[in-house]
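**Q** So you can see what is in the structure, the chains are spelled out below.
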Amino acid sequence: MELTLWTYEGPPHVGAMRIAASMEGVHYVLHAPQGDTYADLLFTMIERRDRRPPVTYTTFQARDLGGDTAELVKRSIAQAVERFRPEALLVGESCTAELIQDQPGALAAGMDLGGIPMVNLELPAYSKKENWGAAETFYQLVRGLLKNSVPPPGSPKPTAGRWREEGRRPRVNLLGPSLLGFRCRDDVREVSRMLAEHGIDVAVVAPLGARPADLLRIPTADANVCLYPEVAGTVCSWLERSFGMPVVRTVPIGIAATEGFLQEVHRVLDLPQPPGDGAAREGERRSRLPWYSRSVDSTYLTGKRVFIFGDATHAVAAARLAAHELGFEVVGLGSYSREQAREVRAAAAELGLEALISDDYLVVEQAMAEAAPELVLGTQMERHSAKRLGVPCAVISTPLHVQDVPARYAPQMGWEGANVIFDSWVHPLMMGLEEHLIGMFRHDFEFVDGHRSHLGDGAPSVAPAVDAVHGTPITTTMATATATATLNATAHSPTAPMEDSAGTIRWSPDGDAELQKIPFFVRGKVRRNTETFARERGLAVIDAETLYDAKAHFSR
Amino acid sequence: MGSPVSVTPTGSPTVSPTVSLTASPCAEPPAAEVLRQDGQREVFCGLTSIVWLHRRMPDAFFLVVGSRTCAHLVQSSAGVMIFAEPRFGTAILGERDLAGLADANDELDRLVTDLLARRPEIRTLFLVGSCPSEVIKLDLSRAAERLTTRLAGRVRVLNYSGSGIETTFTQGEDNALQALLPLMPSSDEPQLLIAGTLADAVEDRFLALFERMGLPPVRCLPPRRSTDLPPVGRGTKLLLAQPFLSGTARALQHRGAELVEAPYPFGVEGSRDWMAAAAAAFGVDPQRVAEVLDPLVERGRRALEPHRRVLEGRRLFLMPDSQMEIPLARFLQRECGMELVEVGTPYLDRRLMAGELALLPPGTVVSEGQDVELQLERVRAAQPDLVVCGLGLANPLEAEGIATKWSIELVFSPIHGCDQAGDLAELFARPLRRRSLLSFA
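Line order of the protein sequences matches chains A and B.
Just so it is clear: in the first sequence, position 548 is 548 by our numbering, and no numbers are missing.
So the number in our numbering is just where the residue sits in the second sequence, counting from 1, plus 1000.
Rather than coming from a laboratory, the hints here were simulated on the basis of the structure.
Idealized CB from N, CA, C, for every residue including glycine.
Please note that a few of the clues may not be correct.
[To be verified] Residues from chain A shown here face chain B by an in silico Cβ test under 7 Å; the list is partial: (1) M1; (2) L3; (3) L5; (4) W6; (5) L99; (6) G144; (7) Q516.
[To be verified] Label pairs and their in silico Cβ distance ranges: (8) A:P406 <-> B:I1136: 41 to 47 Å; (9) A:H427 <-> B:G1401: 50 to 56 Å; (10) A:R211 <-> B:W1052: 38 to 44 Å; (11) A:D201 <-> B:G1401: 35 to 41 Å.
With the hints as extra help, turn the sequences into a complete structure.
**A** The structure is reproduced here in structure tokens:
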């Protein structure tokens, strides 16, 4: 038994629903009690879908349990087939039905479904979660449809240059994009466009928008692109083993990763590598991110402390991009995807960090507070945690909210994805020129010291709301105290001495005067650093010299 | 104890110049035919009511004993609103619990101990049963007793079922209130007991109005603090603020309370008659009642008027969901002039709905239960102007060109009372008004 307040992932049958709802012509009969239909709203509300997910629930009740729930399952299957005439049928159960052991898949196998392919989904609800359920469903469906066309063992693998022999353009499948995934719709468009520019066709995109008949065409491609390993990892490995189809595993998020992706695609397809060094490099030409990141306004991004948490794919990609392409300092990296924990740990190690693998959002929030970030890149959970801590945040991964399914074209992958990322990660931070001007005009009487920043919605402008030295979160009371002290100081009242267990520390008038010269948005941090410095040295009074000693001590 | 139901005298006192709503159910033939269908039910389970119950009682924690599905359901129906650490959570059963490798009771004790150490402000802990816990027959009532003893009065542990195999949506509140009932002290002191969660501001308003009419003490269930439970006994007159409290009403009657028959306090007339019925039950002079309520009625009608102009003559289809459908249909038909195509309800409690059913126009189609596919076929065939439905159906119907109103908003918004009647009507008028505003040509 495990206490959960908020979950990153739903149960595995919700993963199965994501596959069914992403596709056309697939129907899912789910043996589940009344109430489990709540899952429909994930699709109709978060994704704003204009139709119900293709799911028939048996919605059994307590009074059915004494009778024949198996009969109810069979009736539901028969009615769903009759009403929806699917091209493929998924049959499975949710957590409660798993306990009553009606085995709906076996029941369906014994029925005359008019030749419709049926996949029996056994998704253990008490040990697995949503992404696993999605991956397993996608795999079972592809395998179920293709198992009879697997070449016999020992057959020669298709060669990388098969397309050349067949006198056609090379083509790949894009596997993994699904509903309730992060920006999948736009990623598919961006990646397809990018491949087309290199003369590479896309054969099948699945599950998003695919029909069962499209899945049958998967082996006609020369390689599979595993766009979202959480959903497509299992099926790509099976296709590699069974059909000898190579897998492109680099996820094209960020400039380096996109170039790496294109190189991998070219290698796998036996195409000459895309040209270029320096300014001729495709990333330099096609995306604005490299120039925007080098431009002087971005200098202020240097060393910004960023905390990253999400699904493994997006978290790892974000960490590399943040560190190398934006010049941030990654101070925390983690994921709730236990299945991909190894990759996350490796990426964290590259950055000299220890990965946080957890699906307890309170543990994540605690780690976030301790890391004292200036920017959080996370899921909707981290957005809320960051809001509480007064730290700006950009959402980079599922679980998502309706606002993470934007109307505009906003991919994460490829060249345009890099542009989108630059904007959406940098926007929550104060822009460089603006930050400079605030410093310049801070002595003007028109300048209202306690003015509200757009950061952290209503948080007072005393950034950051965490003690950068100790990495301990400032409680609300403390943050308020700092804000109040800042306001008092503006009015030139003597700064109230801060007391704590280590003793009383007083600011001398010249020390206080010096402190007031520091821009308000870093003043809180400087004050705390200086007091820590003084306390460690047993100083009772802080004067201007102490302040500068502390500044030198903490400068990095 | 005599008859469990105390029916207000036929021809209940007319408290204002307007005609009273409290029609005697026996005096007229049943207004409605009931259509019963059994198929896929597109409704929430009782766990959903935690979303408003935990806000009502900030010193209570709701611990669902269930699966990841339960956790995901509560979270999804609440929206991902994690601005504060929630006062509800799920003890997720794992394979070890099911295989008997771990003693579920030991596990639950450990988890509750950790939870309460983290949340020392909690005074009442509800263990909420779910589909999986019911199916494996986990005895939460024994667990609650055991934990109450162990926690030695510091925290009271109660239990109820919010499972989908037994409850629909708002029935979760009915069960939660019944769990509180044994802790209510006994007293025969005269009092009015309002049962059903109301928005705090609405409740304050009702209390002030009842005080102005000179009623004896008025108390509410659930209370704002889980430990401030009202007493109950022979002096208690029970007034239901919500139409989904069948079990609670019965249990309170067993404790001596007398049920005041009244329509539910939706709309100007419904709210007026609801308050008047309570006043009449205490023998308050109708003149006094009229003095207090007539200005409210007049003002409420004025607030209703602009929305009535939008809604009048429009055809309404209510899908079953919150159990509020019948009283809402009554309000929208009588006070807003809407035509009723079909009034769906998850289940029909004829006793608690008798007064409301009698007020529906003869021939109104009331449907109980659901086969969602067949019901949607009826919607498409009827092409109503507005469908009240759950979130899973709203956008798909909008995409088919049919305007909708999400029903879940009705359990989160302050909609009770004369002063809220305009706001309540506005909730239904807004989708129609919006449609008339939008144009992309």
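**Q** Would you list, in rising numerical order, the hints stated earlier that this structure does not obey?
**A** Structure breaks hints 6, 7, 9.
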